[in-house]
Amino acid sequence: MGILSIQNACKTYSGGFEALKGANLEIEEGEIIALLGPNGAGKTTLISTICGVSSLTSGKIIVDGLDIATEYRKVRAMIGLVPQEIALEPFETVINSVRFSRGLFGKRKNEAYLDKVLQTLSLLDKKNSKIMTLSGGMKRRVLIAKALAHEPRVLFLDEPTAGVDVELRKDMWNTVANLKKQGVTIILTTHYIEEAEAIADRIAVINSGEILLVEDKEALMARMGQKKIRIDLDRNCSEIPPKLDQYELALSDDGMSLTYTYDSALDRTGITGLLNDLRTSGLNMRDVQTQQSSLEDIFVGLVQERAP
Amino acid sequence: MNFQAIRAIYIFEMSRFFRTLLQSFLSPVLSTSLYFVVFGTAIGSQIKNVDGIPYGSFIVPGLIMLSVMTQSISNASFGIYFPKFMGTIYELLSAPVNFLEIVVGYVGAAATKSLFIGLVILATAYLFVDLDIQHPISMICFLLLTCLSFSLLGFIIGIWAGNFEQLNLVPMLIVTPLVFLGGSFYSISMLPQVWQTVTMFNPVVYLISGFRWAFFGQADVAIGISLGAISLFTFACMAFIWWIFKTGWRIRS
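Protein chains in written order, with our numbering: chain S, 1 to 308; chain D, 1001 to 1253.
Hints are supplied without guarantee of correctness; some may be wrong.
What the hints assert, rightly or not - Calculated cross-link-like contacts (lysine to any residue; reagent style SDA-like; alpha-carbon spacing at most 20 Å):
(1) S:Lys21 to S:Glu210
(2) S:Lys130 to D:Phe1085
(3) S:Lys130 to D:Arg1016
(4) S:Lys21 to S:Val214
(5) S:Lys74 to S:Val184
(6) S:Lys107 to D:Tyr1010
(7) S:Lys109 to S:Asn128
(8) D:Lys1084 to S:Phe91
(9) S:Lys109 to D:Thr1247
(10) S:Lys107 to D:Ile1011
(11) S:Lys60 to D:Lys1246
(12) S:Lys130 to D:Ile1011
(13) S:Lys107 to D:Phe1099
(14) D:Lys1084 to S:Glu89
(15) D:Lys1246 to S:Ser58
(16) S:Lys60 to D:Arg1016
(17) S:Lys74 to D:Phe1245
(18) S:Lys181 to S:Tyr113
(19) S:Lys170 to S:Arg202
(20) S:Lys130 to D:Pro1083
(21) S:Lys74 to D:Pro1083
(22) S:Lys74 to D:Met1001
Stated by the list, open to error - Under 10 Å between C-beta atoms, here's a sample of chain D residues computed to sit facing chain S:
(23) Ala1005
(24) Ala1008
(25) Ser1015
(26) Arg1019
(27) Tyr1090
(28) Asn1098
As the list claims (entries may be wrong) - The following label-pair restraints were derived from C-beta to C-beta distances:
(29) D:Gln1134 to S:Ser14: 51 to 61 Å
(30) S:Ala177 to D:Leu1100: 33 to 43 Å
(31) S:Glu111 to D:Phe1099: 23 to 33 Å
(32) S:Gly22 to D:Ser1031: 53 to 63 Å
Since the hints were made in silico from the structure, they are not lab data. Think of the CB as a built atom: it goes at the ideal place given N, C-alpha and C, for glycine as much as any other residue.
Throw the hints in and build the complete structure from the sequences for me.
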């Protein structure tokens, strides 16, 4: 069993809305897993139930062999949560806010450690500043500092870069990568595919309260990733010659290019045959480009496939 | 028991109090001085004695109670409502703390603040009237119990409140009238018989009466009944808060 095991987790809100419908997920220690899903998929609900912010209707969640329902003290002491919304006391200083978080989780004062955390997050020079004077990006980093203040083994980042500019987003990814190096297990929710693609080891896709798949990022892209080859022609082609029907080519609107979609994982991709048949059909190539499908294409495909 | 968490909550809450120390200190001193000028000097000069006690001195326990009760409720309700309002309550809910530790932290800080204000008012009273406290230890115990029980009530109000208007609703519409009608500025025996009977349904009467007994050795209600009433009230608040955390009412979805 990994560091976190979610077993048949169900959550129905008082209004009757089923946010989780038997979610199952196993997470290994030290990995970064991205929980990917559209808005309302159940990502935040899943995190909230693990962290104790809301309770499960049924099912079980085990952290490092401990049930969150019965061993909540030990479990919660291991977990850090960075919420989606920037929720901070505006009139308090950064250091007091971080000290509060450390104490709340039962840890003794350790100024050296807190300074180190603030240093890592480029906040040390702001430690005595009031939170209300910080920029949005800094506030988000204060939230991470608070979550790390009690030295958690598992860190939940709920949409950590929502509304954050590109530069800061990359800083945040570096921070996450550094935390991984320190051995922290990171569960990240996002609907930015590029974020998952950039930093996650594994991807879990969630939609309508169900985990649709969990897979190693590279393997997922290799397994489900389709490649496309675009063939630019030297003259306009009004219709695809019948000899090329077997390749299910797409002709561009201007008739100047053909697109062939194939599975890169197959032994026989059909590219050689296509190029030969093109030549014998009387079409001349001007240029050839290949394109790898992104995680976004895979994700959209999966969600659409499972849509009711 | 997570003592570090209790300490963290307590220090965090007290730091809010110290940030506005001038306001926290000046406000009760000013309002108490005004009460003494208006009730003690202007009106009090026409009343002379109540149950053999000079009117200016007679109203001191009631004045302290008035401020302590309203301040306890307002401090405790704001203390827990503000994290709800700002969204920082997530941290409390995800921390390894139980309901008792949260209550001790928040209610302890709120009770400390109102105890401080109560003592400031008492000190201010010495500037206006002669006071000879008959049972100082009982006086401190009553003051502490009142700070504690009304802070517990304030904590419940803070959890219940969905907006700032509701936060002020109970203190403004229920507690303040009960305190004013609970014998803060008069002896129950000064009322007609019918109103004396009605007044006995006001729980605040028992607190003010007990507190006044600690000051002057005489009260409208027997001291044992007063102690029983405040203990029962404290216990009821604790039981309600335990239920809130058990069910997650208004705090956990």
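query: Against chain S, with CB atoms and a cut of 10 Å, does the hint on Asn1098 of chain D hold up?
result: Nearest chain S Cβ about 8 Å off; hint holds.
query: How about Ala1005 of chain D: closest beta carbon in chain S under 10 Å, or not?
result: Where the cut-off is 10 Å and the nearest Cβ of chain S is about 5 Å from Ala1005 of chain D, the hint holds.
- prompt: So the hint says 23 to 33 Å: do the beta-carbon atoms of Glu111 of chain S and Phe1099 of chain D match that?
  reply: For Glu111 of chain S and Phe1099 of chain D the Cβ distance comes to about 30 Å; the hint holds.
Status of the hint placing Arg1019 of chain D at chain S (closest C-beta pair under 10 Å): 7 Å, holds
task: Confirm or reject the claim that Ala177 of chain S and Leu1100 of chain D have a C-beta distance inside 33 to 43 Å.
output: 40 Å, holds
Pair hint Lys21 of chain S and Val214 of chain S, alpha-carbon separation not exceeding 20 Å: 16 Å, holds
message: Next pair to validate is Lys74 of chain S with Val184 of chain S; report whether the Cα-Cα distance is within 20 Å.
response: 17 Å, holds
query: Is the straight-line distance between the alpha-carbon of Lys74 of chain S and that of Met1001 of chain D 20 Å or less?
result: With a Cα-Cα distance of about 12 Å, the restraint between Lys74 of chain S and Met1001 of chain D holds, given a limit of 20 Å.
- prompt: If you draw a straight line from the CA of Lys130 of chain S to the CA of Arg1016 of chain D, is it 20 Å or shorter?
  reply: 13 Å, holds
Ser1015 of chain D as an interface hint toward chain S, with CB separation required under 10 Å: Constraint on Ser1015 of chain D satisfied, holds at 6 Å.
query: Given the hint that Lys1246 of chain D pairs with Ser58 of chain S, does the C-alpha gap stay at or below 20 Å?
result: 17 Å, holds
Pair hint outcome, Lys109 of chain S versus Thr1247 of chain D [Cα-Cα no greater than 20 Å]: 32 Å, violated
In this structure, the earlier hints numbered 9, 16 and 21 are contradicted, and the remaining ones agree with it.
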